[in-house]
Amino acid sequence: MDSEATPVHADLTLVVNGREHRLNVDTRASLLDVLREDIGLTGSKKGCDHGQCGACTVLIEGRRANACLALAVAHDGAEVVTVEGLADGERLSPVQEAFIENDAFQCGYCTPGQLCSATGMLDEVDQGWPSAVTADVSTEPVLDDDEIRERMSGNLCRCGAYVGIVAAVRAGARSREAAEA
Amino acid sequence: MTERLESREKVTGAARYAFEYPVENVAYAAAVQASVGRGEVLSVDIEAAQRLPGVLAVLSHENAPRVDSEPDGELALFQSRTVSYRGQFVAAVIGETLETAREAARLVRVEYAAEDPDVRLRTDHPGLYKPDKVNPVFPADTELGEPEAAFTDSAVRVDVTYTTPAEHNNPMEPHTTLALWDKDGSLLLYDSTQGASSVQSTIAKVFGLDPTQVRVIAPHVGGGFGSKGSPRPNVVLAAMGARVTGRPVKFAVPRQQMFATTGYRTPTVQRFRLGADPDGRLNAILHDVFEQTSTVREFAEQTATPTRTMYQAPNRRTSHRLVALDVPTPSWMRAPGETPGMYALESVMDELAVVTGVDPVELRVRNDTDREPESGLPFSSRNLVACLQEGADRFGWAGRDPAPGVRREGRRLVGTGVAASTYPAYMQPGRAIARAEPDGTFTVRIAAADIGTGARTALTLIAAETLKEDIDRVTVEIGDSAFPRASVAGGSSGTASWGTAVVRACESLRGRLNGEVPPEGLEASADTSAEVKNRDEYARHAFGAQFAEVEVDADTAEICVRRMLGVFAVGRVLNPMTARSQFIGGMTMGIGMALMEESVMDGEFGDYLNRDLAQYHVPSCADVRDVDAFWVEESDPHLNPMGSKGIGEIGIVGAAAAVGNAVHHATGVRVRDLPITPARLLPHL
Ligand code: FES
Ligand code: FES
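Chains as they are written, first to last, in this note's numbering: chain A, 82 to 262; chain B, 491 to 1175.
Keep in mind that the hints were calculated from the coordinates and are not lab data.
Remember, predicted model here, so these are calculated numbers, not experimental data.
Glycine is no exception: its CB is placed at the ideal position from the N, C-alpha and C atoms.
Treat the hints with care, since some could be wrong.
[Said to hold, decoys possible] Far from chain A by the CB rule (all over 10 Å, computed), these chain B residues:
(1) Glu552
(2) Ser570
(3) Arg571
(4) Asp608
(5) Arg612
(6) Leu618
(7) Gln802
(8) Arg856
(9) Arg897
(10) Glu899
(11) Leu1012
(12) Arg1025
(13) Gly1093
(14) Ala1112
(15) Glu1123
(16) Pro1127
[Said to hold, decoys possible] To give an idea of the chain B side of the interface with chain A (calculated C-beta under 7 Å), a few residues:
(17) Ser497
(18) Lys500
(19) Val501
(20) Glu864
(21) Ser865
(22) Gly942
(23) Val1117
[To be verified] Residues on chain A that point at chain B, a partial pick, calculated with CB under 7 Å:
(24) Asp114
(25) Cys134
(26) Asp184
Can you build the whole structure from these sequences, using the hints too?
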């Protein structure tokens, strides 16, 4: 028998959306499967399980990541935010609101990933990170539509809601700014 | 403008899809695919798999429960040794966890007696045949006048062949089923489907049950685009696994396995011959289509059917020839028939425009018709010309220089193109039930599906309008086969069909409401079978026009769609917000078809080579720039009580031709084989 086939389990602590979870997980399990199957947070979606679609995007320590590519055991103690953690209680985040107002989804399956990705991306822009389409990387990037499209291209939407997504991210960014000002 | 009613659930992660229903004691399935393209399974060695702790069962033809294969050969899971195509499911593991099931599936050893698979579609294949009908019930061939002679005698002739590749639907949510058997022998399925009622009846047949013993629940579905229009092997696998283990079992087809097991659009080869006067008036249209099906189940895509509807010409012929190959069974993908057929027709019309020197918009206007050319029926409404004209205005078409390959902006060649769209306005029979509650609210129930179309919202608007109530007082419940039977979300017929049933149920309820609602509520139901059957004879179709502007890098042949604009005539638009998303979504998929989507058949071993989203490219955010959709006022009394035509598919129809025509205008190169990749274009620049 393949020795590597014998399941190995490990203890793991995750802080998801501010709540601590103590778990014992199969060391082969992805963070995505632990979130969905063990913790019961099914908001994060599985579109490909191979880091090719972005449906599973969550924020790990504030940075967006494909949860299907993250081995759960490698993130002991990590702070994770999923789509379920984006709203402040009943109050939706500006990006969530903007997604609704701009009909930035149809089936909704890519939406949790889009939302987490947009949230993480706006922080990246705030921190001055350039993208592949930033003309002058020595300056603060300006979030125009080209920047949004480039930075959101890790999240596929087969329903083709990109036009709405770009409009929503643009609007969400504006109302975030307004809220911060 | 009404926001999607389930918006909040969808942006907070609360909307549950099939895999996500919390059930006790659930087990997981993982499937093993055939590694040969044709042959027989000789043996299935399950020893290593079974030794893994947490493996509950290993299924193959050796031990699987017998099921009825009559409804659909693709659902006859593990019923014989025969391997009909590479990638077909030949075994499966049920395990305590996902990880265990997947690892065990890897350890299952299958031996085959392999034969060489026959997998290449070619127009000289000896197995080509004429199908009895093409999807769903159209004749394979039609002929009027003397097409061959008229073509030969025409002053202007275009004779060209287009090919479109196999394409995969790739909804973002994989085909998924969670199956639970009850002690009383009934089966509960949480399924990712476009039609709860049809899964219910099909699966009942497969497992030899009465339909009342099967319940299918699917309130949220992560897209389908046709591929979830009928149950796929995942349903049977989950139900079998659950029966054998006595546990609830769930199975989501891994993305890589979807390419063989969940349907795709057939590749096509289409020869077009257009004969015309020097002024572009068509005299002869000949459209001969070659495409594939599998040996498991016949699917004949109706590729030439839009040619029977679009343009006048006294002499005409359409034909479909099929060959059954050792390939996965092709099936519905967004606007089957219209999508590949209109790509070819609208491209060859552009070629005719170039040859005759007639403006492409004007050429289409010149060949407009007020009767459906082949059936002779009057159109219930046909506003193709209005769409072309409004589109031309909005896009800024006037004054376009027709010369190809002459507009240069630095390294970029720029061009514009136009194409027409069409899609039939189908309607299916169905039922609905409407209830008035004593608290003044209303509930309407129907087993309809919202796969992202906005159906739930549209049906609520329809119910509220009929009841003359505020939308907040009306709840429409869908996605459950326990509700009155509804047709599949397919053929852009959902809202027309379900909406009619909802209107009739609500009308009947209103008729019965006089004053107080009794404490137990008041109910009325409707069945639209007779109404659908007794409709007057009209040719009912939606039309549209799409305009595209592209830039092509003269050095790399990289193509960018700068802007795209569609104008559609679809009867009454019920909810502008979701309708616009439907159009734009279809057009976006059309960009994919034009420029990137292509499933490549492995000629030696069978099955598609590019089996994931890294290799099968669909449009990403950066590919979709300025895309917008509009519609013209259209009032059509011959459709349904809402006056609406379907809108889910027409957006993709013609989109690829508009892009391809723009690429020709930009570069002077006519690529007749989709997709138009840099590799195909660059050698000609
Ligand atoms: S599911 Fe993780 S990227 Fe697709
Ligand atoms: S909304 Fe359906 S995939 Fe994006």
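ask   = When the nearest CB of chain B is found for Asp114(A), is that gap smaller than 7 Å?
value = holds, 6 Å
task = Hold the hint about Ser497(B) up to the distance rule: shortest CB distance to chain A must be less than 7 Å.
result = Given a least distance of 4 Å, the restraint on Ser497(B) holds.
message = Less than 7 Å between beta-carbons is the criterion; does Asp184(A) satisfy it with respect to chain B?
response = Holds: closest Cβ of chain B sits about 5 Å from Asp184(A), inside 7 Å.
key: Interface exclusion of Leu1012(B) relative to chain A, criterion Cβ beyond 10 Å   = Nearest chain A Cβ is 34 Å from Leu1012(B), so the label holds.
message = Just want to verify: Gly1093(B) was marked as not at the interface with chain A; is every Cβ pair farther apart than 10 Å?
response = Answer for Gly1093(B): holds, closest chain A Cβ roughly 25 Å.
query = Can the hint on Ser865(B) be confirmed by a CB-to-CB distance to chain A that is less than 7 Å?
reply = violated, 33 Å
inquiry  = Checking a non-interface call: every C-beta of chain A should be farther than 10 Å from the C-beta of Ala1112(B). Is that right?
reply    = Label violated. Min Cβ-Cβ 4 Å, cutoff 10 Å.
Distance rule for Arg612(B), whose beta carbon must clear each one in chain A by more than 10 Å = Nearest chain A Cβ is 31 Å from Arg612(B), so the label holds.
ask   = For Glu899(B), is the shortest beta carbon distance to chain A beyond 10 Å?
value = holds, 17 Å
query = Is the nearest CB of chain A more than 10 Å from the CB of Pro1127(B)?
reply = The claim stands: Pro1127(B) keeps its Cβ more than 10 Å from every Cβ of chain A (closest is about 30 Å).
ask   = Would the hint on Cys134(A) stand, with a C-beta cut-off of 7 Å toward chain B?
value = holds, 5 Å
query = Once the closest CB in chain A is found, is it more than 10 Å from Arg571(B)?
reply = holds, 27 Å
Consistency note: the structure conflicts with the earlier hints numbered 14, 20 and 21.
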